[in-house]
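Trainee: Below, each chain spelled out in residue letters.
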Amino acid sequence: MKYTTFNQQVTDTMTEPMFMGNPVNVARYDQQKHQIFEKLIEKQISFFWRPEEVDVSKDRVDFQKLSAAEQHIFISNLKYQTLLDSVQGRSPNIALLPIVSIPELETWIETWSFFETIHSRSYTHILRNLFSDPSDVFDDIVVNEEIKKRATDISQYYDDLIFYTQLWQTLGEGTHTINGETHLVTMRELKKKLYLCINSVNALEAIRFYVSFACTFAFAERELMEGNSKIIRLIARDENLHLTSTQHILNLWAKGKDDPEMAEIAAELEDEARAIFMKAVEQEKEWAEYLFQSGSMIGLNKEILCQYVEYIANHRMAAIGLGQPFDVKSNPLPWMNNYLNSDNVQVAPQESEISSYLVGQIDSEVSANDFEDFEL
Amino acid sequence: MDADVSDHLIVVTDANDGEPLTLRPSAKASILEALEIAQVEVQYHCRDGFCGACRCKIIEGSVDYFTDPLAFIDDDEILPCCSRPSSNIKIEIPK
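Heads up: the protein sequence lines correspond to chains A and X, in order.
The numbers in the working numbering rise by one with no breaks, and the one at position 186 of the first sequence is 186.
The numbers in the working numbering rise by one with no breaks, and the one at position 47 of the second sequence is 47.
Just so you know, these hints were derived from the structure itself, not from any lab.
Note that the structure is predicted; figures quoted are calculated from it, not measured.
Where hints are given, some of them may not hold.
Stated by the list, open to error - Looking from chain A toward chain X, a few residues come up when the C-beta cut is under 8 Å (computed): (1) Ser46; (2) Lys65; (3) Asn240; (4) Asn341.
Unchecked claim - Cross-link-like lysine-lysine pairs, in silico, PhoX-like; alpha carbons within 20 Å at most: (5) A/Lys279 - A/Lys149; (6) X/Lys57 - X/Lys95; (7) A/Lys329 - X/Lys95; (8) A/Lys255 - X/Lys57; (9) A/Lys43 - A/Lys33; (10) X/Lys57 - A/Lys329; (11) A/Lys257 - A/Lys285; (12) A/Lys279 - A/Lys257; (13) A/Lys39 - A/Lys257.
Yeah, the Cβ is synthetic: ideal placement off N, Cα and C, and Gly gets one too.
Build the full structure now, drawing on both the sequences and the hints.
Mentor: What follows is the structure, encoded as structure tokens:
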């Protein structure tokens, strides 16, 4: 079915499935099939923030005090998060908007992606402050083998769904040969690809950020890189909300509260969904290994980070009916919760966001008068 | 009875040592705060009803939400961070 930016057929969005029904037409929210998505939009907008509000100038001094191993940990995590948000800033829009069928979900997807672009801009804000020219850091993201491994897994489900949606929207259902490769396009196949894609995104939002978050907050526990930590707390708050949205989509499908065919597919592909999650867990553990290859940091090591990934994975897999595959009984990093608590995310300017309110801040304005009492 | 104390009891089937624990929360405390005061280990992140990290099973009773829960919760689950008991309740904390 060809995509149209304004479907002129009369449709009833109250009876449309979330995806793969009729294309949307009027962006109306007076009647909603799944009200949760509008609530998520409102919540997300209430979280609005700008990277520039957070003063990161003290981080430059802190960064120079870090050991080489700690600098590797810090920069590698920023590279990985930059990759994740590069993908997330565009992919929900490109993959999901062409097939969405209810306006409240369409607007949620756009809101969600927009916030990922704030995250991307914040990494530049952090890195510009640390390096006079951060281009080496950004350039490495596309060639770094450890990051590339993860990029492949993160983007493949999106890319697959996007390609098959393009075939379906231009050629319709059937067997199509493109550049010598044969592709079977049926509604069932498309829905399977959609199901796997949402599971992959859910795993991404659920655990892929958390090794990086743990390192950031471990630095903050030592009162280091606190500007960065403040930004990452804002990002973590957003990511928890994004995770809630994919959990809702998956559970609406699995519980038969949306498209009945998606409920069948959820049952049929449960093992594949679990495998996607388990692979993400494995990759995060490998990432912890890569981070600590040239030395640990105070308060964290590879083992405890891997346990934390398993602990988080247990909770997040249980939330979508995938059970708790790991044997971790208690939270190995309980102090993390203080940083993930949205009550603690500062909003008042006098608290620290605006540098002019800070005590002991770095004043980057230097005038000729400042050297008046200076003698050589 | 003390006005600051809730009319309802919370029974945790699997407190830290796996043993059942009964507690009477203060009237204003969320269930999560009541559990923390009783030193029951429970996971949380946002404490604002949108992330679902503190999700618990409810076996008996009912709760009132003082913040609209946005996180996914199944029919037999509650979010302790944004609710108070509206009857005596029995809950199970996921490990």
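Trainee: Each hint should be assessed against the structure and marked as holding or not.
Mentor: Hints versus structure:
With its C-beta approaching chain X no nearer than about 10 Å, A/Ser46 sits outside the 8 Å limit, and its interface hint is violated. About 30 Å separates the beta-carbon of A/Lys65 from the nearest beta-carbon of chain X, more than 8 Å, and the hint is not met. Given the 8 Å rule on beta carbons, the hint for A/Asn240 holds: about 4 Å separates it from the nearest Cβ of chain X. The interface hint given for A/Asn341 holds, since its Cβ lies 5 Å from the closest Cβ of chain X, which is under the 8 Å cut-off.
Between A/Lys279 and A/Lys149 the CA atoms are separated by roughly 12 Å; this keeps the pair inside 20 Å, and the hint holds. A threshold of 20 Å between alpha carbons decides the hint, and for X/Lys57 with X/Lys95 the separation of about 11 Å falls inside it, so the pair holds. For the given pair, A/Lys329 sits about 5 Å from X/Lys95 by alpha-carbon distance, which is consistent with the 20 Å threshold. Taking the CA atoms of A/Lys255 and X/Lys57, the gap is about 18 Å. The hint holds against a cut of 20 Å.
Proximity of A/Lys43 to A/Lys33 is assessed by CA-CA distance (about 18 Å); at most 20 Å being required, the pair is judged to hold. For the suggested pair X/Lys57 and A/Lys329, the alpha carbons sit about 17 Å apart, so the restraint of at most 20 Å is met. For the hint pairing A/Lys257 with A/Lys285, the CA-to-CA distance comes to about 35 Å; that exceeds 20 Å, so the pair is violated. Among the hinted pairs, A/Lys279 with A/Lys257 is inconsistent with the structure: their alpha-carbon atoms are about 28 Å apart, more than 20 Å.
Only pairs whose Cα atoms come within 20 Å are accepted, and A/Lys39 paired with A/Lys257 is accepted, the gap being roughly 18 Å.
Checked against the numbered hints above, the structure violates hints 1, 2, 11 and 12; every other hint is satisfied.
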